[in-house]
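Chemist: Protein chains in written order, with the numbering used here: chain A, 1 to 526; chain B, 1001 to 1125; chain C, 2001 to 2448.
Any given hint might turn out to be false.
Just the calculated beta-carbon pair ranges, DEER-fashion [said to hold, decoys possible]:
#: 1; chain 1: A; residue 1: Glu226; chain 2: B; residue 2: Thr1083; range: 43 to 53 Å
#: 2; chain 1: C; residue 1: Met2001; chain 2: A; residue 2: Pro519; range: 11 to 21 Å
#: 3; chain 1: A; residue 1: Ser89; chain 2: C; residue 2: Lys2418; range: 22 to 32 Å
#: 4; chain 1: C; residue 1: Asp2201; chain 2: A; residue 2: Thr218; range: 24 to 34 Å
#: 5; chain 1: B; residue 1: Asp1018; chain 2: A; residue 2: Asn486; range: 15 to 25 Å
#: 6; chain 1: C; residue 1: Gly2016; chain 2: A; residue 2: Asn486; range: 29 to 39 Å
#: 7; chain 1: A; residue 1: Lys219; chain 2: B; residue 2: Asp1051; range: 31 to 41 Å
#: 8; chain 1: A; residue 1: Pro521; chain 2: B; residue 2: Glu1089; range: 52 to 62 Å
#: 9; chain 1: C; residue 1: Pro2391; chain 2: A; residue 2: Asp259; range: 32 to 42 Å
#: 10; chain 1: A; residue 1: Ala181; chain 2: C; residue 2: Glu2419; range: 45 to 55 Å
#: 11; chain 1: A; residue 1: Glu439; chain 2: B; residue 2: Asp1003; range: 53 to 63 Å
#: 12; chain 1: C; residue 1: Ala2300; chain 2: A; residue 2: Thr218; range: 12 to 22 Å
#: 13; chain 1: C; residue 1: Val2298; chain 2: B; residue 2: Glu1089; range: 19 to 29 Å
Straight-line C-alpha distance at most 16 Å; calculated EDC-like pairs for lysine to aspartate or glutamate [stated by the list, open to error]:
#: 14; chain 1: C; residue 1: Lys2350; chain 2: A; residue 2: Asp50
#: 15; chain 1: C; residue 1: Lys2321; chain 2: B; residue 2: Glu1081
#: 16; chain 1: B; residue 1: Lys1099; chain 2: B; residue 2: Glu1119
The set of hints was computed from the structure by calculation and includes no laboratory data.
These numbers were taken from a predicted model, which means no experiment stands behind them.
Yeah, the Cβ is synthetic: ideal placement off N, Cα and C, and Gly gets one too.
For reference, the chains in residue letters:
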Amino acid sequence: MSGMNRQGRPSSIDNTAHGGTHSTFTGNKALELEEPLLFELDNPGACGVDFDEPEPFTSRLGSFERQGRIGLASVSEPEVVRHFVRLSSKNYSIDAGLYPLGSCTMKHNPRLNEKMARLPGIGDVHPLQPQQTVQGALELMSELAHWLKELTGMPGVALSPKAGAHGELCGMMAIRAALTARGEDDQRSRVLVPESAHGTNPATAALLGYKVDAIPATKDGRVDLEAFKAKLGPDVAAIMLTNPNTCGLFERDIVEIADAVHEAGAYFYCDGANFNAIVGRVRPGDLGVDAMHINLHKTFSTPHGGGGPGAGPVVFSEALAPFAPLPYVVSGKDGFRIVETEEAAKADGTQPFGRMTAFHGQMGMFVRALAYMMSHGSDGLRQVAEDAVLNANYVLASLKDDMSAPFEGPCMHEALFDDRFLKGTGVETLDFAKAMIDEGYHPMTMYFPLVVHGALLIEPTETESKQSIDLFIATLKDLARAAKSNDKDRFTGAPYMSPRRRLDETAAARKPVLRWAPPMPAQAAE
Amino acid sequence: MSDIRFTDQHEWVRVDGDIATIGITDYAQEQLGDVVFVELPEVGKDIAAGDEAAVVESVKAASEVYSPVSGEVVDVNGDIEATPAGVNEDAMGDGWFVKLRLSNPAELDKLMDEAAYAEFVEGLQ
Amino acid sequence: MRYLPLTETDRREMLGVIGAKSVDELFRDVPESARRDGLVDLPRRKGELDVERALGRMAAKNVAAGSVPFFVGAGAYRHHVPASVDHLIQRSEFLTSYTPYQPEITQGTLQYLFEFQTQVAMITGMDVANASMYDGSTGCGEAVLMAHRVTKRRKAVLSGTLHPQYASVVKNLSDFADYELEILPPALPDTIEDVAAHIDDKTSCVVVQTPGFFGELHDLRAIAEAAHAKGALLIAVVPEIMSLGAVTPPGEMGADIVVGEGQSIGNGLNFGGPYVGLFATREKYVRQMPGRLCGETVDADGNRGFVLTLSTREQHIRREKATSNICTNSGLCCLAFTIHMSLLGEEGYKRLARINHAAAVSLAERLAKVPGVEILNQAFFNEFTMRLPKPAAEVVDALAEKGVLGGVPASRLLPGVKEVEDLLIVASTEINTDADRAAYGAALKEVL
Chain A
1 MSGMNRQGRP SSIDNTAHGG THSTFTGNKA LELEEPLLFE LDNPGACGVD FDEPEPFTSR
61 LGSFERQGRI GLASVSEPEV VRHFVRLSSK NYSIDAGLYP LGSCTMKHNP RLNEKMARLP
121 GIGDVHPLQP QQTVQGALEL MSELAHWLKE LTGMPGVALS PKAGAHGELC GMMAIRAALT
181 ARGEDDQRSR VLVPESAHGT NPATAALLGY KVDAIPATKD GRVDLEAFKA KLGPDVAAIM
241 LTNPNTCGLF ERDIVEIADA VHEAGAYFYC DGANFNAIVG RVRPGDLGVD AMHINLHKTF
301 STPHGGGGPG AGPVVFSEAL APFAPLPYVV SGKDGFRIVE TEEAAKADGT QPFGRMTAFH
361 GQMGMFVRAL AYMMSHGSDG LRQVAEDAVL NANYVLASLK DDMSAPFEGP CMHEALFDDR
421 FLKGTGVETL DFAKAMIDEG YHPMTMYFPL VVHGALLIEP TETESKQSID LFIATLKDLA
481 RAAKSNDKDR FTGAPYMSPR RRLDETAAAR KPVLRWAPPM PAQAAE
Chain B
1001 MSDIRFTDQH EWVRVDGDIA TIGITDYAQE QLGDVVFVEL PEVGKDIAAG DEAAVVESVK
1061 AASEVYSPVS GEVVDVNGDI EATPAGVNED AMGDGWFVKL RLSNPAELDK LMDEAAYAEF
1121 VEGLQ
Chain C
2001 MRYLPLTETD RREMLGVIGA KSVDELFRDV PESARRDGLV DLPRRKGELD VERALGRMAA
2061 KNVAAGSVPF FVGAGAYRHH VPASVDHLIQ RSEFLTSYTP YQPEITQGTL QYLFEFQTQV
2121 AMITGMDVAN ASMYDGSTGC GEAVLMAHRV TKRRKAVLSG TLHPQYASVV KNLSDFADYE
2181 LEILPPALPD TIEDVAAHID DKTSCVVVQT PGFFGELHDL RAIAEAAHAK GALLIAVVPE
2241 IMSLGAVTPP GEMGADIVVG EGQSIGNGLN FGGPYVGLFA TREKYVRQMP GRLCGETVDA
2301 DGNRGFVLTL STREQHIRRE KATSNICTNS GLCCLAFTIH MSLLGEEGYK RLARINHAAA
2361 VSLAERLAKV PGVEILNQAF FNEFTMRLPK PAAEVVDALA EKGVLGGVPA SRLLPGVKEV
2421 EDLLIVASTE INTDADRAAY GAALKEVL
């Protein structure tokens, strides 16, 4: 009996122990670890980098040498790593589960794209290096431009806008530049925007000094063609229309809308946020679109990174292409060349309206998007649209009896529900969504579009499997049943199991605390 | 006794001599939810009926408060600027926004009286 | 296709549930004239290996900054980014999360944004900072629009110290929004620019960059005073954010808004983007700020937590009355910034800034000895301007032939401006060794 364990270590489970929720000394819950603010970890003397002081030298800072303490925390590398790893554990992510945020296209982010963006010849290149040392980078931009033009059927593209809203601004600037060139800028002061539009659309039009005129929607969730035509006139500069629209529907009358816009001498701006539904199957150029931004971080899957960075290249019709902003890439017999000044553009015969940003745009996003497009190819991209639309319609068909859908299908890449199914339950859209968190799902987009009461907008995307969507559907069915059978607590207090429960947004807005500040020092003794 | 009138945008105006006190109705504060911020005009500013007199914000909404009548701003309610919750607590009283010196009292005639406004709100529900 | 989980069997079953015969039926709302039956004219799908080959071939045609003696700056700077930064930002929970609209399950993002805002406010010497803009140049445009809102005026004055592409971005915005703008001629480091003389009662703001486009450090105090005396704001622009570890922050010199390019901390060169715009201001102007703000609050159990706040300024609520149309910003670049700044900390940041300054001083001393070279700067941080005996663009090309990336000729960004034709803007950071500087000195001597 040598080597016997005499400690009597138990190996069976004690079923009599108290279960359920209880608090812990640390506030931690096993793998879920609480984490203070970085500044509360401050340990003067610690440092996360090793650099030697420079050899003595004569400062050339003049009278500008910084005095006093900045206030930054001093923390070693292991503590920094642990801090951010613990923070990361408090985030939901598409890598962890279904992220059905309508209008946001949260799809799988291939890691190949990350690897490509980190090639030294891509990530470690300066935008102002001599052009002969960046021929590959310019080729990559040119190649991306080619793919975007082919996929949209439009002859011009501006790559530099930094995100969707920035792309909108760019597109609307090109429209205004074209109107100015026609001598009609003063005359055309109105922009038509459907009620269901993203908030960025009216914000963009207003930024350019346009008066925003809302177009009402029909009962079937589309632009009211007659009301729209009645609003057209010689003072209209453009229409800004999302297609597929924010209700997840294709605007059936789009060609007629485009024709009417052009007949009135105005331009058609298309918000391309929902391009994922039609990529490879429908080309906006064939619909009469004059300008459209493409959110590379949506359709072409550059990771959303907790709120960016994105990229919002804009494609242009023949009429607007000459006004595309600086810079742009051209190829000639000596290789690729970037046109980055007005002088160079003049020599080139174009009339760029100006510049959206310093340097050349989001190269890091360009390479990821191109890697994504090359991986899919023309056949795979068409399948992307088809599967995205199929998944959304499957959700709509499976849930329309348990929840309530304001519009008849088929939908495009997102399924829209309203809150009629919650009527009389005491559960609101917000509560319903928060209960999904306890079930391990990120809620769908809520209360948008504004034209639908208590909207719930679900975009499963093409990278969800049927098995995953089936469980999601079953979960929503169970929640809908619970709401209707008076199980209110499951909703109104939800979420119960997330790292934080509902947060007091009123308090945050009434007395904003927007930064950490050191605790007040105790009153110094005289 | 002061006279109180209402607009269909849910502002109220109470007149005392040539001074009009303006605020938002109880119904409006309930619809907005917790008020977190109000922006008030400068004293001395001339405001025409229908012009933006103030801005009131909840967490998820921002609304303009339109002046029901014309006049010069003679006072603003600093208390609700400091403590916006005051609008929720007493919208029709201490939660007032602006006092104007009336320049055209005839404008009052176009506004609803208490009974008409009550009926109007009823119709919204 | 490896990224698409549905099988043909799945698709058939799902169509059955929907009650459609084919996927085509789901696209029936598309006008017939716009339906495409065939594939677009682009290559078919590729495996990982083939994509790597194709993009690797393009990448190989570029000269990577790390492969040569490298001295290019002018708004983007090569610094050493610690390995843990890239490791941490690639965690799925950060990389593949959306904007934190559901605070209960995005506290990770929200807390680092709060830490980011705090770090930015600290280094700039300001009260508050937002959760980032796209980059320094677009942040600069937004700052001007904000100053117009605050002052209810409509004219901005841009100093000649401002990066020409930043000035172009502001000009573009101002032109389209019908605002007035006065752009002063390039302010060479050996001349004195009288910005104050251009401020009048109509001026909403004056925009000054420090270190300036030519590397010179500028005193903002007198300009701030002159601006404030006329009811205007001072916007300070800092494209090399590393500088604030060594030089007096704009907040201590009277700036009302500070805009920075945060790329130097945590982010690579990336051929110009993505970068991260820093935006800080005084507490009293908070409600006029563009962009997202993260604030502290408590949850239903009384635990500290963070939320996006003051959202009524933003487009998704205010629509046409929003302070800006910005939506997506630079989340992940903020995270890289925050992690790198956390590793540096108080001492590391200051020391690294001193090392940068020492590197540039050492280079300036060496290059000043090359016959024909004149260093124009009085006070500088890690970048300076030299006057050469011939056009700088030619010199840069000749240096590149010799394997040295020697800087940015001012004429590249200011074409046709006679007095800058011979000027070369040179940056040196901690990445440069003595051998790099020696190689530069030797190559320059040969080229001139």
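Chemist: Taking the beta carbons of A:Pro521 and B:Glu1089, is their distance inside 52 to 62 Å?
Modeler: 36 Å, violated
Chemist: Measuring from beta carbon to beta carbon, are A:Ala181 and C:Glu2419 in 45 to 55 Å?
Modeler: Roughly 33 Å apart at Cβ, these two residues miss the hinted range, so it is violated.
Chemist: Are the Cα atoms of B:Lys1099 and B:Glu1119 separated by 16 Å or less?
Modeler: Violated. B:Lys1099 to B:Glu1119 sits at ~26 Å, over the 16 Å cutoff.
Chemist: Against the range 11 to 21 Å, how does the distance between the Cβ atoms of C:Met2001 and A:Pro519 compare: consistent or not?
Modeler: At 56 Å between Cβs, range violated.
Chemist: Given a hint of 15 to 25 Å, does the C-beta separation of B:Asp1018 and A:Asn486 actually sit inside it?
Modeler: The hint (15 to 25 Å, Cβ to Cβ) is violated, given that B:Asp1018 and A:Asn486 are roughly 56 Å apart.
Chemist: Starting from the hint 31 to 41 Å, judge whether the C-beta atoms of A:Lys219 and B:Asp1051 obey it.
Modeler: Between A:Lys219 and B:Asp1051, where Cβ atoms are some 35 Å apart, the hint holds.
Chemist: Between C:Lys2321 and B:Glu1081, is the straight-line Cα distance small enough, at 16 Å or below?
Modeler: 21 Å, violated
Chemist: Honestly, do C:Asp2201 and A:Thr218 meet the 24 to 34 Å range at C-beta?
Modeler: 52 Å, violated
Chemist: Are C:Ala2300 and A:Thr218 spaced within 12 to 22 Å by their CB atoms?
Modeler: 41 Å, violated
Chemist: Taking the CB of C:Val2298 and the CB of B:Glu1089, does the distance hold inside 19 to 29 Å?
Modeler: Holds, at about 21 Å.
Chemist: Check the hint pairing C:Lys2350 with A:Asp50 against an upper bound of 16 Å on the C-alpha distance.
Modeler: At roughly 12 Å apart (the allowed maximum being 16 Å), A:Asp50 and C:Lys2350 satisfy the hint.
Chemist: State, for the Cβ atoms of A:Glu226 and B:Thr1083, whether the hinted interval 43 to 53 Å holds or is violated.
Modeler: 49 Å, holds
Comparing the model with each numbered hint stated earlier shows that hints 2, 3, 4, 5, 8, 9, 10, 12, 15, 16 do not hold.
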